[in-house]
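Enquirer: Make a model of the complete structure from these sequences and hints.
In case you want the letters, here they are:
Number of protein chains: 4
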Amino acid sequence: MDYFPAPGRNHLFVPGPTNIPEAILQSMNRNNEDHRSPAFPSLSKSVIDDVKQLFGTQTATSFIFPSSGTGAWESALMNTLSPGDKIIAPRMGQFCAIWINLMTRLNFSVDVIECEWGEGVDLAILKQKLQEDREHAVKAVCIVHNETSTGVTNDLAAIRKTLDEARHPALLMVDGVSSVGAVEFRMDEWRVDVALTGSQKALSMPTGLGILCASPKALEANKHAKSTRGYFDWGEYLKSYNSGTYWPYTPSVQMLYGLRASLDLILKVEGLENVIARHRRLADATRAAVRAWGLTVCARKPEWDSAVVTGVVVPPSLDANDVIKIAWKKYNLSLGLGLGKVNGKIFRIGHLGSLNELQLLGALAGVELALMEVGYPVVLGSGVAAAQARLAKQTPLIASRL
Amino acid sequence: MDYFPAPGRNHLFVPGPTNIPEAILQSMNRNNEDHRSPAFPSLSKSVIDDVKQLFGTQTATSFIFPSSGTGAWESALMNTLSPGDKIIAPRMGQFCAIWINLMTRLNFSVDVIECEWGEGVDLAILKQKLQEDREHAVKAVCIVHNETSTGVTNDLAAIRKTLDEARHPALLMVDGVSSVGAVEFRMDEWRVDVALTGSQKALSMPTGLGILCASPKALEANKHAKSTRGYFDWGEYLKSYNSGTYWPYTPSVQMLYGLRASLDLILKVEGLENVIARHRRLADATRAAVRAWGLTVCARKPEWDSAVVTGVVVPPSLDANDVIKIAWKKYNLSLGLGLGKVNGKIFRIGHLGSLNELQLLGALAGVELALMEVGYPVVLGSGVAAAQARLAKQTPLIASRL
Amino acid sequence: MDYFPAPGRNHLFVPGPTNIPEAILQSMNRNNEDHRSPAFPSLSKSVIDDVKQLFGTQTATSFIFPSSGTGAWESALMNTLSPGDKIIAPRMGQFCAIWINLMTRLNFSVDVIECEWGEGVDLAILKQKLQEDREHAVKAVCIVHNETSTGVTNDLAAIRKTLDEARHPALLMVDGVSSVGAVEFRMDEWRVDVALTGSQKALSMPTGLGILCASPKALEANKHAKSTRGYFDWGEYLKSYNSGTYWPYTPSVQMLYGLRASLDLILKVEGLENVIARHRRLADATRAAVRAWGLTVCARKPEWDSAVVTGVVVPPSLDANDVIKIAWKKYNLSLGLGLGKVNGKIFRIGHLGSLNELQLLGALAGVELALMEVGYPVVLGSGVAAAQARLAKQTPLIASRL
Amino acid sequence: MDYFPAPGRNHLFVPGPTNIPEAILQSMNRNNEDHRSPAFPSLSKSVIDDVKQLFGTQTATSFIFPSSGTGAWESALMNTLSPGDKIIAPRMGQFCAIWINLMTRLNFSVDVIECEWGEGVDLAILKQKLQEDREHAVKAVCIVHNETSTGVTNDLAAIRKTLDEARHPALLMVDGVSSVGAVEFRMDEWRVDVALTGSQKALSMPTGLGILCASPKALEANKHAKSTRGYFDWGEYLKSYNSGTYWPYTPSVQMLYGLRASLDLILKVEGLENVIARHRRLADATRAAVRAWGLTVCARKPEWDSAVVTGVVVPPSLDANDVIKIAWKKYNLSLGLGLGKVNGKIFRIGHLGSLNELQLLGALAGVELALMEVGYPVVLGSGVAAAQARLAKQTPLIASRL
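For the record, the sequence lines run as chains H, S, C and U.
If you're matching positions, the first sequence starts at 1 in UniProt numbering and goes up one per residue.
If you're matching positions, the second sequence starts at 1 in UniProt numbering and goes up one per residue.
If you're matching positions, the third sequence starts at 1 in UniProt numbering and goes up one per residue.
If you're matching positions, the fourth sequence starts at 1 in UniProt numbering and goes up one per residue.
Wrong hints could be hidden among the right ones.
Any copy will do: because identical chains look the same in the list, a pair fits if it lies in one copy or spans two.
Derived lysine-lysine pairs resembling DSS-like cross-links, with alpha carbons at most 27 Å apart [what the hints assert, rightly or not]:
| id | residue 1 | residue 2 |
| --- | --- | --- |
| 1 | Lys-345 | Lys-52 |
| 2 | Lys-301 | Lys-393 |
| 3 | Lys-301 | Lys-217 |
| 4 | Lys-325 | Lys-341 |
| 5 | Lys-393 | Lys-325 |
| 6 | Lys-301 | Lys-345 |
| 7 | Lys-45 | Lys-268 |
| 8 | Lys-45 | Lys-393 |
Quick caveat, the hints were computed from the structure, so don't treat them as lab data.
Expert: The following block contains the structure:
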């Protein structure tokens with residue numbers, strides 16, 4: 001039984017954990033099984049291999065850790081760097097901040113590029129820092145692809161270009177937690193060295209898998225990386241992988257079957273291209289709604305607009321947390337809090353994972369009602385109408401129902 | 001795997017089968033068990049007893065048959081009547097028509113009160129027929145409480161009054177398939193003799209249980225009823241019930257646990273009064289939307305408006321089936337077909353079972369998009385806005401989240 | 001939560017409802033969907049067609065009713081016979097008795113062949129009765145293929161031969177509730193006219209589907225059968241079927257997906273031949289155990305031994321119900337009661353549905369413990385050892401793991 | 001669909017992951033929800049608090065990490081120790097060995113007490129090492145409570161006494177992965193400083209939660225521990241905990257609901273004392289079977305016998321892996337491999353988690369069949385009979401069914 005039950009379904013519009021499709025719940029509804037049986041490697045191999053398609057890589061090595069995305073962050077850093085190594089990292093929002101905090105706690109020296117919350121990384125500053133680093137003391141550039149706390153997406157191709165122009169050999173490490181599987185990600189083309197995600201985002205699964213891809217260059221760096229590592233060590237992982245048992249410790253049987261079902265839904269049933277287009281479409285509709293309400297999105301330029309989450313800035317007279325509270329208490333709508341320094345100033349609409357047009361429109365209608373309740377002079381239906389207009393133009397027929 | 005999979009959730013807005021809450025799915029996710037074990041009667045007794053609360057009766061005897069609602073119809077008729085017995089029954093729509101067809105096939109003589117589809121039973125005609133029946137040849141008046149094909153609800157208190165005024169002793173039998181558990185039902189107060197429902201409607205469960213309550217007068221009639229009956233025989237049922245084994249044949253373990261969960265959600269978690277108010281609220285919002293679209297509801301007077309389903313009449317230039325098709329093919333929205341003679345002329349929006357405000361608003365937004373696609377000059381957002389305005393006024397805080 | 005919870009799994013060894021495999025539970029773990037959507041007929045058609053393979057027929061028409069097996073009985077009788085029609089039916093045990101009781105209540109005239117419980121039908125008597133019926137007043141011979149209350153299986157080929165030798169045109173109707181899908185069934189070869197089963201037996205599903213196959217001859221008889229029928233009427237069913245909507249009333253979405261999964265497991269994953277061999281093997285092992293305990297099986301000749309359930313006769317000094325009680329109270333083992341006149345004299349071990357060798361051996365070990373508890377001088381391990389010896393010889397490698 | 005499907009249930013007798021009860025699967029069969037909603041802390045707090053009861057502590061602080069038990073190991077070490085710190089650790093089997101390997105990789109200096117596989121830690125050697133460490137360079141004694149690879153359980157009370165007698169202030173850290181929740185564990189009484197377990201063992205859940213309790217002394221040590229830590233850092237965890245949000249990163253909603261259900265089953269439904277007695281009973285029966293087969297258990301003295309897993313030593317002429325293979329290929333029985341240096345020499349029977357007597361007897365019958373297949377002269381039924389004899393004496397009535 002739920003703790004605060006309500007009739008009908010919960011409208012889950014936080015940018016993770018996301019809504020789980022029935023096919024995934026079904027596949028996870030099973031007893032444990034012996035992970036050392038002759039049966040298990042077939043499943044293991046299939047998901048370890050196929051997950052690479054989400055990252056757009058054929059050359060990388062993939063790792064699946066029983067952890068949240070935070071564990072994947074740690075794995076990326078500790079397996080490629082040595083204590084005291086210098087990292088360049090922009091601080092664009094809360095998740096950048098937490099990752100930088102982790103870098104510091106893990107004994108790296110971080111050269112932070114401070115950004116306004118709502119902006120992407122300033123490429124000119126990045127370029128300058130790289131060019132000034134003549135001795136190549138900087139070992140890694142760590143980028144959050146999509147900063148979930150503000151709804152800002154960086155242009156990874158441009159960042160790659162910046163490193164190239166500065167002729168800097170630093171590793172390019174990317175937090176793709178809220179982007180991989182929902183947004184175009186071309187690991188090989190962009191020469192990303194480490195990219196990572198978590199199961200509770202675009203994969204539309206429970207939390208519990210940290211998924212990581214490492215380029216050949218990252219694996220080479222691994223050989224010389226002196227950071228202390230245990231649970232998240234790539235070497236141990238690869239030893240098990242290469243022995244054919246695949247896992248250095250007991251994996252979650254259910255999560256691996258769930259991942260298989262999730263990959264099937266994304267890669268086979270809907271198709272990754274269609275998944276990405278759907279995220280773009282829902283995001284576009286959401287932003288149209290925000291504008292219709294007379295509000296602004298947190299991302300300050302269209303080029304930074306996120307396809308998976310929209311930060312909505314409320315007027316100074318309002319507390320965004322009141323919007324969130326009333327949405328939950330009256331309409332069973334779960335919106336994302338403003339985190340860190342934008343708490344109370346924004347609320348977030350997640351449009352990530354297994355979602356469709358009418359789910360979004362219902363949520364937007366709920367946001368309007370919540371805004372009205374807190375005294376914001378919203379025209380009921382205005383945002384919905386604006387979103388509908390965008391969706392009417394962009395939504396294709398469902399492929400299986402042509 | 002589904003046959004025609006689509007991203008996100010299906011928006012199920014047919015008036016049954018309805019959306020199943022997680023708590024019910026969880027309770028049904030179980031192996032079979034021995035229905036003759038000492039454990040099973042506790043469960044059986046609890047649901048057989050508690051189901052009466054939905055009907056508003058303390059004096060009736062309840063029956064649960066493994067069947068659809070159609071089987072419950074047959075059980076009601078065959079257990080109380082004899083071949084050739086005369087029945088008065090209004091034909092207000094498709095379900096009335098099917099029930100009347102069943103009566104005929106079961107060898108009863110039906111005096112049909114023909115109604116316009118969209119209207120409730122004409123009480124004056126009913127009264128006249130009863131008064132003219134001096135010898136009380138009419139043994140039963142059979143009323144569909146809520147005609148699901150048109151969205152018309154009869155006033156059972158008024159019908160009771162009509163029988164009383166005509167001093168007619170006929171049994172009052174009520175099809176409450178789409179009303180019981182969602183709409184006020186006062187079996188004892190209205191002296192309904194047999195009332196019935198099915199699990200896939202207000203109970204928000206899979207199809208599979210026909211549930212029936214019989215008044216003491218109905219049980220008395222049963223003693224003299226000469227219709228041939230086997231599977232649906234009350235006598236066999238009560239023999240098992242009274243012996244403490246409860247079931248004359250193997251019941252569905254899963255459905256009984258599901259029924260327990262459903263009754264808990266309705267009676268304990270939300271409260272029957274709140275469930276009924278919620279249905280009224282969603283229905284009111286739906287009709288506001290229909291009016292905003294410039295369309296009319298099928299029910300011709302407000303007194304007949306149904307709290308569980310709204311029939312929407314499309315202009316003669318349009319085919320309602322096209323609206324339904326595009327809603328399903330593009331927006332994964334399942335709307336109800338127009339049945340029988342209103343096929344193509346109306347589509348139906350079910351707002352029955354475990355549903356909430358934002359689910360409805362999402363569906364209404366989808367109807368608007370579908371209407372636009374078929375060429376109807378709908379103002380996007382107009383119906384949603386009208387519905388929001390009603391909901392904003394009427395929706396209470398969720399009780400568990402005050 | 002269960003009503004009488006116990007650690008570990010329940011050992012379900014009643015002859016129905018049977019154990020449900022995970023794959024079936026998974027497939028049923030789903031929301032309702034619109035049964036009138038364009039998607040649903042694909043599922044409907046596939047199960048209505050494939051179910052015929054279990055009956056061994058290509059010529060019959062299959063029907064799936066939302067009911068228990070009892071409903072299927074009624075459907076068989078009422079759709080082929082007229083009131084007062086004469087039926088020959090052996091009474092070999094409780095299920096024969098209940099069916100005969102139903103026939104009587106449904107206004108048929110039953111010429112009962114009384115059998116000792118534990119024996120199959122006496123073919124000589126059957127032949128004599130048929131030969132004496134010169135005017136062919138007997139319209140049907142109704143046989144329970146496997147009498148679940150005693151563990152006795154009739155030889156349908158021999159019964160067919162008996163009808164043929166008597167040159168009697170009566171319909172041959174067979175209750176295959178506990179046999180179809182577990183035991184060889186050759187409807188076409190044996191010219192069975194109506195055969196039926198239920199979902200909670202060999203199909204290893206929840207109760208809720210009555211499944212029936214009717215031969216062309218039975219369909220011809222249907223045209224002239226004057227029995228009153230409503231819910232179970234073949235004509236209405238076929239009208240819906242032929243219209244492409246398939247169902248005259250709301251079907252259970254979950255049960256149809258479950259049936260699809262069950263048919264896949266039986267027909268594709270394991271293979272019907274292997275399923276049948278497995279049932280034979282488990283039954284043989286069970287009987288070996290019974291003999292090792294110094295007890296006798298209820299079936300009085302090996303030719304009548306059932307492949308799906310074994311009745312175990314306890315010595316007169318013991319009450320079989322005590323064995324059942326202690327098995328359930330101490331070892332969470334569910335055994336079948338002795339029904340009707342053998343209550344207290346036998347207990348039954350069901351070995352039907354999704355079961356394997358070690359599940360059976362665990363249950364046999366539990367029976368030994370229960371026998372010891374009630375004072376029967378059983379040698380612990382003796383029955384298990386005898387069963388193991390049989391299984392060791394007969395059990396093949398699991399096909400998928402060769 | 002499973003990869004190597006087989007009829008009936010898999011007999012899962014590895015010592016983890018263990019069998020998941022239906023009540024836990026039901027509770028986990030749910031969509032994601034917002035872990036930052038006002039509802040979530042109620043659930044979080046309840047499980048974080050109640051988990052302490054399994055450890056027998058009221059004074060410790062509990063931590064739940066999204067990881068396997070290996071992650072909990074790392075968390076214990078890194079949060080209490082500094083690089084280069086000296087640890088005493090016995091190497092009694094594979095899990096001791098892996099933990100020691102982890103200690104080394106994490107930069108600790110391990111003084112290994114080598115043990116014969118099959119023996120517990122030699123307390124005299126431990127005492128001597130502690131007494132010789134006059135300067136208290138040794139900061140921790142790390143003990144695997146139950147060595148899962150050999151089925152050997154250490155006497156923690158005696159180990160505590162040894163530390164006390166040596167007046168050594170080292171932290172006592174205990175791997176309770178396969179013991180906590182199944183075996184008596186008195187953290188407070190034994191003054192264990194850090195104890196840990198994983199969800200896939202006695203808790204009978206999927207893998208995915210590393211659960212850890214730290215004594216006040218361990219928390220004090222944490223303040224001075226200089227090891228580098230990120231994901232598994234107690235400080236970050238407690239910051240979140242104390243803020244009322246509870247989790248420093250996205251937790252698994254499903255696993256926390258599952259943990260709630262598991263704790264309810266253990267603490268409320270069965271009762272921890274009864275759970276422990278059940279494990280002891282099943283272990284005793286298993287060892288009786290092994291002796292009846294003429295084989296020996298891996299644990300060399302009864303005082304070391306494990307209540308959760310039995311290592312069975314096969315004669316030198318046999319390969320234990322052949323037993324395991326045939327059990328899986330023919331009887332769908334999953335036995336534990338011999339790990340590391342006992343590979344091929346032993347197989348393991350796990351009797352841990354949600355299991356009962358007849359499940360075990362079925363598995364023992366399966367082991368006999370497998371032994372016979374590989375040519376070992378086992379008397380079929382002999383082990384089962386020996387186990388039955390023990391169980392008959394010790395098994396109580398199921399509490400809910402008295």
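Enquirer: All hints are to be evaluated individually against the structure, with a verdict given for each.
Expert: Structure-based check of all given hints:
In this assembly of identical chains, Lys-345 and Lys-52 lie within 27 Å of each other by CA distance neither inside one copy nor across copies; the values are 37 Å within and 39 Å between. For the identical chains of this complex, Lys-301 and Lys-393 are intra-copy neighbours only, at 23 Å inside a copy versus 37 Å across copies, given an alpha-carbon limit of 27 Å. In the homo-oligomer, the alpha carbons of Lys-301 and Lys-217 never lie at most 27 Å apart, since the shortest distance is 33 Å inside one protomer and 53 Å across protomers. Only within a single protomer do Lys-325 and Lys-341 lie at most 27 Å apart by alpha-carbon distance; the minimum there is 19 Å, versus 47 Å between protomers.
When the C-alpha separation of Lys-393 and Lys-325 is checked against a cutoff of 27 Å, the pair qualifies only between copies, where the shortest distance is 18 Å, while the shortest distance within a copy is 33 Å. When the C-alpha separation of Lys-301 and Lys-345 is checked against a cutoff of 27 Å, the pair qualifies only within one copy, where the shortest distance is 18 Å, while the shortest distance between copies is 48 Å. For the homomeric pair Lys-45 and Lys-268, the shortest alpha-carbon distances inside one copy (17 Å) and between copies (25 Å) are both at most 27 Å. Proximity of Lys-45 to Lys-393 under the C-alpha cut-off of 27 Å is found in neither arrangement, the shortest distances being 41 Å within a copy and 36 Å between copies.
Violation of the numbered hints given earlier is confined to hints 1, 3 and 8; the remaining hints are satisfied by the structure.
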